[in-house]
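Asks: Each chain is listed here by its residues.
Number of protein chains: 2
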Amino acid sequence: MGKSEGWEIPAAEAVRVTPDTRVGDLDTNGTPGFAGGKSLGEKLLEERGAVLSDLQEKLFAHGRATNEHRSVLLVLQGMDTAGKGGVVRHVIGHVDPQGVDHASFGVPTPEEKRHHYLWRIRKALPRHGQLGVFDRSHYEDVLVVRVHDLVPRSEWEPRYDEINAFEKELVDSGTTVVKVAMFVSLDEQKARLAERLERRDKYWKYNPNDVTERGYWPQYQEAYQAMLDRTSTEHAPWHVVPCDRKWYSRLVVTELLIDALERLDLDWPAATFDVETEKRRLADS
Amino acid sequence: MGKSEGWEIPAAEAVRVTPDTRVGDLDTNGTPGFAGGKSLGEKLLEERGAVLSDLQEKLFAHGRATNEHRSVLLVLQGMDTAGKGGVVRHVIGHVDPQGVDHASFGVPTPEEKRHHYLWRIRKALPRHGQLGVFDRSHYEDVLVVRVHDLVPRSEWEPRYDEINAFEKELVDSGTTVVKVAMFVSLDEQKARLAERLERRDKYWKYNPNDVTERGYWPQYQEAYQAMLDRTSTEHAPWHVVPCDRKWYSRLVVTELLIDALERLDLDWPAATFDVETEKRRLADS
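Note that the protein sequences, when read in sequence, are chains X and G.
Here the first sequence is numbered in my numbering, starting from 1 and rising by one per residue.
Here the second sequence is numbered in my numbering, starting from 1 and rising by one per residue.
Keep in mind that the hints are not guaranteed to be accurate.
[Stated by the list, open to error] Calculated from the model, a selection of chain G residues having no Cβ within reach of chain X, i.e. all distances over 10 angstroms: (1) P110; (2) E157; (3) E222; (4) E278.
[To be verified] Just some of the chain G residues that point at chain X, by a computed CB distance under 7 angstroms: (5) G24; (6) A61; (7) I92; (8) F273; (9) K279; (10) R281.
Derived by calculation from the structure, the hints in this document are not laboratory data.
Quantities reported herein were computed from a predicted structural model and do not represent experimental measurements.
Where a beta carbon is used, it is the ideal one built from N, C-alpha and C, also for glycine.
Please take these sequences and the hints and turn them into a complete structure.
Replies: Take a look at the structure:
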């Protein structure tokens, strides 16, 4: 991956988790790797969004023309108000809707609870040639579940290894997994929740439980730390994205997806017909 | 529906099918109802796309906040190269991807063939609060199926009434059905297919069968005419959109969706909590 305008360090390197990453020490207001400010960031988001769109079309074309499975799965995790929905709208919004398989995972339904926690996840995996987006994911089952002891430790503890094995299976079968953990500060979250209480067009986004969850901030930090420590693998590493500045988080995710798609190194599919023959057939039709 | 800038007749009226509509007499290069040209059309597409996006967000919010089913289903039918994919990219591309349920219907799979033709359609209907998009639809079963006698007449003939009943059921249960039949001329189709043979980034969109199908043009005209005559109903009327000018067809579909969403007359959902109490809880958190 090369560097692109405005970046001192390529985005994927700048936010890649390391063994030293400490959730509690993150500067959620930072812009790791990026030297520019908001106006450059917003300009680049548009420009790089167009690049992302072109690369996604190649993935889609590959999907139509071949049987060799390729797909990209973006996994978004983060506390409420971190900006997952904004990434979907402003990053994924750049690509052709027909090439996107989007799924969001809330509190499990009664039916989902009767199944293995990966059941609903497997059903929503991106199809061949598609860009999949998970707004929350199987990681809920080692985050909220762990924080609130929704199942005993003996049950969630093995999930880290299970998830690693599950993602290895995805990668081995041709899916590139791009994992993004989004972090806002406690103060920034308060400001964003307050905005939802000020505007009647935002009430529907507000859930009183979000305030309750703020009381568990240290436990969530601990659960996120364990997630990063135990499920950032060679085949599916985590990226830690500061999200107090929305323009930065959106730009980073755009770059991560561009990087993932470029590494697939896809070309336009070759013609499966004789071009000259078809030109004649068309001319005569 | 009011008139918006550039329109002499509101779009939904201008392209609404009438008992006099004759597929063979359509001016596929026309811009019914619209007084402006391409540059105004392209400017309006952006502006009205933003309006569409806001209305879609209200639909989505309604979906989150209530159990009263509301959804909108855009049904796109048209010959190859009419621009269905372009509508998805450039019209639906304006709205939040998480609010879109997109499905395309190609040649039925072996599994699909074992079921009623509406089976795969029902599985893909938009969820509550979603904007559904069908790229081709159940109408394939009275178009290609009729033209090529894929099933005997005794089998496709009853489908017109079945489809009307099916769509009535959708409308009764809260889904607004917006049906768009897209028409290009035989010459414009030739030019668009030729372009796919000139550019190696377009080969994947080319299918030799598209040229074969051009030989059945009169039969398709007849099948489209029967479809319009027999399935344009009060509850789910057809709109006939000339598509030789891509900017026009995209603008019209945008207006049709805006019209459908405006007629739902949705407001932002009321708060389901006491706002002042929540402000205090948040401040203390």
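Asks: All the hints need checking, so say for each whether the structure fits it.
Replies: Tested hints:
| no. | hint | verdict |
| --- | --- | --- |
| 1 | P110 | holds (16 angstroms) |
| 2 | E157 | holds (30 angstroms) |
| 3 | E222 | holds (19 angstroms) |
| 4 | E278 | violated (6 angstroms) |
| 5 | G24 | violated (19 angstroms) |
| 6 | A61 | holds (4 angstroms) |
| 7 | I92 | holds (5 angstroms) |
| 8 | F273 | holds (5 angstroms) |
| 9 | K279 | holds (5 angstroms) |
| 10 | R281 | holds (5 angstroms) |
Hint violations for this structure: numbers 4 and 5, all remaining hints satisfied.
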